[in-house]
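Engineer: The residues making up each chain are set out below.
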Amino acid sequence: MRKWILVAALAAAFPVAAADVGLVKVSKGSVQIQRGAAKMPAAVGSGVQASDVIVTGADGSAGITFSDNSLVSVGPNSVFAIDKYSFDSTTHQGEFQGNLKQGRLAAVSGKMVKQSPESMKIRTPSAIMGVRGTEFLVQVDEAR
Amino acid sequence: MKFLALLALAALAAGCASAPKTPALFAVVPGADGHVGAIVVHTDREDLVINSAYGAQRLKSDGSVEATRLTAADVRRDFGATLDALPGKPATFILYFLEGKDELTPESKAEMDKVFGELKRRPLPDILVIGHTDTVGGLAFNDRLSLARAERLREMMVGLGIPAERIVAAGRGKREPLIPTDDNVSEPRNRRVEINVR
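As they're listed, the protein sequences go chains A and B.
Be aware that the first sequence starts at 0, since it is given in numbering that gives the first Met the number 0, and climbs by one per residue.
Be aware that the second sequence starts at 0, since it is given in numbering that gives the first Met the number 0, and climbs by one per residue.
By construction, these hints were calculated from the structure, which means they are not laboratory data.
Note that beta-carbon positions come from the ideal geometry of N, C-alpha and C, so glycine has one too.
Fair warning: there could be bad hints in the mix.
As the list claims (entries may be wrong) - Only some residues are given here: those of chain B computed to face chain A with a beta carbon under 8 angstroms: (1) K20; (2) A26; (3) V39; (4) D77; (5) L85; (6) P86; (7) K88.
Using the sequences provided together with the hints, build the complete structure.
Structural biologist: Here is the structure:
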């Protein structure tokens, strides 16, 4: 009951596009969101959707909060794709598949991992990582 | 036909084994509260669990894997800019009120600066302020009082420069006591406002 009221209150106060699964909270230097063929600057307050790709330049870094309260940041020269994201705020079931193609990532897992360990995965070119909790780092070097 | 398929698979497997891998590093770091979690790295050869502070696995271009341990200095050097961009964790603060009033207790007044400082530190905060009462008085009275408490704090936050549209205030009346009591019981710990921020 309490959760419902919170969710309703938050939804009323912070209208975001229905497809948004996260929000850019920190954006420094050059940061872009690639959505299909479109590219847009990832300003603070931008919504993030499943299948978006976050791309940072040499001076760029960005921090995103997702709807299950998981937190992800990417450092300079990084390419991070949100391959899949779903979260049910009632059951806390969900699936988060991130894909770090290049660069650095720091993350804190959220409610979905608390509910089902390894529901959050980070793919890299050479391995897949399952998250049981809570804070972790991933670095993918450029292919030599 | 079967033979062909097998050959193709064998060629694929051989290709995988010899192709240089993209080097990667996976590490677990302690949270702000000191909690250390776990991650599992699934390579095509094995599953590697990392469950100690600064524990790490380094995947090399020849496909080999090396267990290693980072230092806080390594993390600062290699992940400093990345960690600086990590948004603040969702947090909850509770402030207490005087009986029957929308005025903070002296203790909570002293605590307020710290809480508001924490709120202001966050870029683009989503703040939910929920007022509560103890069970003294009727339902309608407590609904009004709980909302007045929440609105009071909301006004103070706006006064401190937090954009009004980022803050929602709601009252729960006496429906959700922190300490369950009978009706008409004066209980200081139930006269409170919860501030949720993310």
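Engineer: Taking the hints in turn, state whether each one holds.
Structural biologist: Hint check results:
About 4 angstroms separates the beta-carbon of K20 of chain B from the nearest beta-carbon of chain A, less than 8 angstroms, and the hint is met. A hinted interface residue such as A26 of chain B counts as satisfied when its beta carbon comes closer than 8 angstroms to some beta carbon of chain A; here the least separation is about 5 angstroms, so the hint holds. For V39 of chain B, the shortest C-beta to C-beta distance to chain A is roughly 4 angstroms, which falls under 8 angstroms, so the interface hint holds. With a least beta-carbon distance of about 7 angstroms to chain A, the hint placing D77 of chain B at the interface is held under the 8 angstroms criterion.
The interface hint given for L85 of chain B holds, since its Cβ lies 4 angstroms from the closest Cβ of chain A, which is under the 8 angstroms cut-off. The beta carbon of P86 of chain B is positioned within 8 angstroms of a beta carbon in chain A (closest approach about 4 angstroms), and the interface hint is therefore held. Interface hint at K88 of chain B: satisfied, since its Cβ lies 6 angstroms from the closest Cβ of chain A, which is below the 8 angstroms cut-off.
Checked against the numbered hints above, the structure breaks none of them.
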